[in-house]
Amino acid sequence: MGDIVTMDDLTNQDIVDVLDDAERLVPVARGDVYLPLLKGKVLANMFFENSTRTRMSFETAMKRLGGSVLNFTSIGTSVAKGETLYDTMQMVDGYADVAVIRHPRQGAAQYSADAVGIPILNAGDGAGNHPTQTMLDLFTIRQVHGTLEGLNVALVGDLRYGRTVHSLSHALVRFGAELTLVSPSTLKMPVEIVSDLKEHGAKITETDSLEEQIANADVIYVTRIQKERFPDEDEYVKVAGIYKIEASDLSGAKKGMIVMHPLPRVDEISPDVDSTEFARYFEQAFNGVPTRMALLCRSLGIDVPEKVK
Amino acid sequence: MSEMRRVTAIRNGTVVDHIPSGYAMQVIKILRIDTDRATPVSLVMNVPSDKLGRKDVLKIEDRELDQEDLDRLALIAPAASIAIIRNHAVAEKMKVELADDLVNIAKCFFWNCITKNEREPLPQRMRVTSRDPLQLRCYYCGREQEIDELIENIL
Chain H
1 MGDIVTMDDL TNQDIVDVLD DAERLVPVAR GDVYLPLLKG KVLANMFFEN STRTRMSFET
61 AMKRLGGSVL NFTSIGTSVA KGETLYDTMQ MVDGYADVAV IRHPRQGAAQ YSADAVGIPI
121 LNAGDGAGNH PTQTMLDLFT IRQVHGTLEG LNVALVGDLR YGRTVHSLSH ALVRFGAELT
181 LVSPSTLKMP VEIVSDLKEH GAKITETDSL EEQIANADVI YVTRIQKERF PDEDEYVKVA
241 GIYKIEASDL SGAKKGMIVM HPLPRVDEIS PDVDSTEFAR YFEQAFNGVP TRMALLCRSL
301 GIDVPEKVK
Chain G
1 MSEMRRVTAI RNGTVVDHIP SGYAMQVIKI LRIDTDRATP VSLVMNVPSD KLGRKDVLKI
61 EDRELDQEDL DRLALIAPAA SIAIIRNHAV AEKMKVELAD DLVNIAKCFF WNCITKNERE
121 PLPQRMRVTS RDPLQLRCYY CGREQEIDEL IENIL
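As given, the protein sequences belong to chains H and G, one line each in that order.
Taking my numbering, the leading residue of the first sequence gets 1, the next gets one more, and so forth.
Taking my numbering, the leading residue of the second sequence gets 1, the next gets one more, and so forth.
It is worth saying that the hints were derived from the structure and are not from the lab.
Glycine included, every Cβ here is placed at the ideal spot set by N, Cα and C.
Here are some chain G residues pointing at chain H (derived, C-beta under 7 angstroms):
1) Cys113
2) Ile114
3) Arg119
4) Glu120
5) Tyr140
6) Cys141
7) Glu144
Take these sequences, add in the hints, and give me the full structure.
What follows is the structure, encoded as structure tokens:
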């Protein structure tokens, strides 16, 4: 109850409800309004793998709502001494009301959700899922396009190991998106995910060329080719830097098209894109705060008031 | 029934019929039949079958399969029919039925699955996502399992 491990844990209506809650929480996220909905609640931020934005935005979200945060990293702790995930999570179950977990191993969030009673929010499990990132991505898309329905979205880069695009593609096809999957052949979307997407009746195109997708897209979602996920460094070197978007590449783009990126970026989006009307990745990073506020409230069974002031 | 008599009838034990042709050795493995032990096992391979075209049959003496055995068996011989033999007569007939959720039947193959840490105490779990063709995914990491590889990973 209250766990969010994959996007399957949320119905389309749940998604819309959380995004509506998040929208009302924006002034709280900015610090303009103080709304201690989660006063007395404790969040455990369980980061077994590094994170900047996700960890900090969860922490900000919890604190802006009056709650407090326990921060855990696995370096130099009982985990380094060989403690199992199961045992570590038993401790958290006793210390906190809700836990966010990021772990290098795939399936760790589901495993944790089964191991404890408190709600678990998956903040990335290996190359698996990252549903809270998807929620802020959807928030960003809806903010600009006014809808999630029927958009044309190009997902670009590392679609094999990129967990953000795994969760995002699942969600988008449920709202009738047309997806173009742009990646080198070694980093294609896993077959089981493509087969799930097609089961939803989605129109999916797979290609290795970005150029011809720019004119059609409503959203270009770019991901970093993640060195740390490659079992073999030679394979990484072959594909590193394969996509690079510069401002001049976007001259043929539709009006209202947005470029998104879960960040951190390396060189896949040139800094000269930042000042164009298309760039949306920094707002996207901010949107993590109101979206995660809404998700924390949902997991803890706390209603967000209809009017926030 | 003449195919069944290619080997002698057994007094007590289990007959596993309608194994897909060529899979009898895998069934021995999946049922954890210890081939070094003295219990006689008779194996018939590639005999004609109305149902399967060709099939394998296994007769295991002095062992009665239980539900857990059947759950395992369902992975490779979903059409198998089981007869428990007591004192030369069929005492019980059983059908193999594949559950939706397979607990502690096989290990996930994926090198980066959370269950790869052998000290983690929660059970191995697989979800059946399709029965024909058989498709399974790890409940935790979601990776689709190669069926041939899965047989190697039976617990």
